[in-house]
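There are 2 protein chains.
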Amino acid sequence: MSTATKAVIRTGRKFEQVLQGARQVFMTDGYEGASVDDIAKAAGVSKATLYSYFPDKRLLFMEVARSECDRQAYETAEPTDFNAPPRDILRLLGRKTLEIITSEFSQRIFRICVGESERFPELGREFYQTGPLEGRRRLSEYLRRSCARGELQIEDFDLAADQFIELCRVDIFPRVILGVDTEFSQAEIDRVVDGAVDMFMARYGT
Amino acid sequence: MSTATKAVIRTGRKFEQVLQGARQVFMTDGYEGASVDDIAKAAGVSKATLYSYFPDKRLLFMEVARSECDRQAYETAEPTDFNAPPRDILRLLGRKTLEIITSEFSQRIFRICVGESERFPELGREFYQTGPLEGRRRLSEYLRRSCARGELQIEDFDLAADQFIELCRVDIFPRVILGVDTEFSQAEIDRVVDGAVDMFMARYGT
DNA sequence: ATGAAACTGAACCGATCAGTTTATAGTCGC
DNA sequence: GCGACTATAAACTGATCGGTTCAGTTTCAT
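Residue numbers (this note's numbering), protein chains in the order written: chain L, 1 to 206; chain X, 1 to 206.
Do not take every clue at face value.
Just so you have them, the derived chain L footprint on chain X, three or more residues with Cβ under 8 Å [stated by the list, open to error]:
no., segment
1, 45-51
2, 85-98
3, 115-129
4, 141-153
Below 35 Å or equal to it, Euclidean Cα-Cα: the simulated DSBU-like pairs (lysine-lysine) are [claimed, not checked]:
no., chain 1, residue 1, chain 2, residue 2
5, L, K57, L, K41
6, X, K41, L, K57
7, L, K96, X, K41
Keep in mind that the hints were calculated from the coordinates and are not lab data.
Ideal Cβ positions, reconstructed from N, Cα and C, are used throughout, including at glycine.
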């Protein structure tokens with residue numbers, strides 16, 4: 001998987017070093033903002049070495065961005081006890097969702113994917129699948145089981161899952177992504193999450 | 001308001017021309033992507049003239065971006081007959097919301113505000129206020145009146161307004177902003193809007 | 001120890017870009 | 001017609017950046 005890019009990539013001792021430096025610089029400076037010299041410096045590697053591994057800046061960026069998209073899918077996976085009542089589960093998942101949204105890492109990768117989705121169309125797609133779509137898949141799965149248990153009554157599971165996640169981002173997400181605020185009080189979080197749970201249960205509770 | 005920036009900006013015959021050219025180029029190419037030469041050409045003006053009006057590229061951009069933020073507030077204002085039943089009103093407002101979100105103009109300005117909110121922190125704030133906050137204010141106002149009429153029962157009007165708007169963006173917004181899709185069938189739109197109205201009424205209906 | 005492959009550092013190339021300058025020319029009131 | 005103002009095209013400056021080249025050094029398997 002990591003060498004999926006048409007065998008462009010040579011082997012060598014410092015390969016991982018280059019990738020690590022690129023990751024760091026790209027994630028903080030974006031594609032245009034990052035200079036290859038900076039990346040080489042951050043990686044502790046000469047520019048010639050860098051260019052012996054990757055044919056150009058574009059491909060280096062894509063390799064980094066794609067691996068970061070994958071990372072978010074794995075990082076956000078977390079085992080949960082699904083035997084509690086739906087209200088409790090949802091409140092938990094809501095808090096977790098907000099944690100992810102407001103995390104430094106998610107903000108950065110989202111910002112980069114939005115910013116570069118015109119220059120790198122596959123990138124937006126990749127992020128959509130490993131992010132929102134994966135989140136929906138997991139929640140949808142839970143909703144299905146909870147419904148089978150008779151705790152909820154849902155017709156369109158994907159819609160319901162998306163709705164809940166969206167409800168958890170109320171006001172917080174725009175503020176984060178537009179740089180208005182970066183941190184939020186527990187009261188703010190509770191207001192949104194509890195509001196989401198109340199609304200969800202009013203609609204789909206039995 | 002338009003000359004709020006420390007009186008840096010001169011007046012003159014071609015002032016509006018410059019602004020118009022800058023608007024066009026910045027909105028399609030972003031801040032970094034736009035070259036001053038391109039802007040001067042698009043404005044039909046010499047670079048020297050451009051620089052006689054604006055001291056540098058940054059200020060020119062900020063003037064454009066701020067005026068575009070204001071524009072979105074005015075463009076999205078539209079008189080509506082608020083005497084119909086809430087379900088109908090909400091369905092209408094939901095469709096309108098989706099129209100705005102999927103419009104070329106909103107996408108561009110949102111993308112630019114997100115992308116440049118680190119370089120221009122005031123920009124993110126400005127967009128947040130003329131966009132999400134203004135949308136909330138209007139809907140919240142309606143909800144208040146509708147509640148007074150006994151059609152709805154709401155405790156936190158701002159929260160309820162944000163929730164409804166957020167519900168209307170379900171799945172559509174991420175796909176738009178990540179460049180996964182640009183157009184949506186009426187069926188997709190109806191599914192989301194009707195889902196939002198159903199949920200909202202289940203929670204706040206009397 | 002040797003030889004090939006990997007790596008270094010620095011110089012270099014061509015291009016782009018923000019911003020300045022200069023020399024020229026149109027346009028106004030008076 | 002004259003002087004003050006405004007505009008223009010084009011050349012120029014200084015800096016940055018992506019990418020290349022190359023002479024010399026390090027690493028490492030044999």
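So, going through the hints one by one against the coordinates:
Given a C-beta distance limit of less than 8 Å, the hint that chain L covers the segment 45-51 of chain X is violated, as 0 residues qualify and 3 are needed. Only residues whose C-beta sits within less than 8 Å of a C-beta in chain L count toward coverage, and the segment 85-98 of chain X has 0 of them, not enough to reach three; the restraint is violated. Taking a C-beta to C-beta cut-off of 8 Å, the segment 115-129 of chain X contributes 8 residues in contact with chain L, enough for the three needed, and the coverage statement holds. Against chain L, the segment 141-153 of chain X contributes 0 residues with a C-beta closer than 8 Å to a partner C-beta. That does not satisfy the three-residue criterion, and the hint is violated.
About 15 Å separates the Cα atoms of K57 of chain L and K41 of chain L, which keeps this hinted pair within 35 Å; it holds. With a C-alpha separation of about 30 Å, the suggested pairing of K41 of chain X with K57 of chain L holds against the 35 Å cut-off. Only pairs whose Cα atoms come within 35 Å are accepted, and K96 of chain L paired with K41 of chain X is rejected, the gap being roughly 50 Å.
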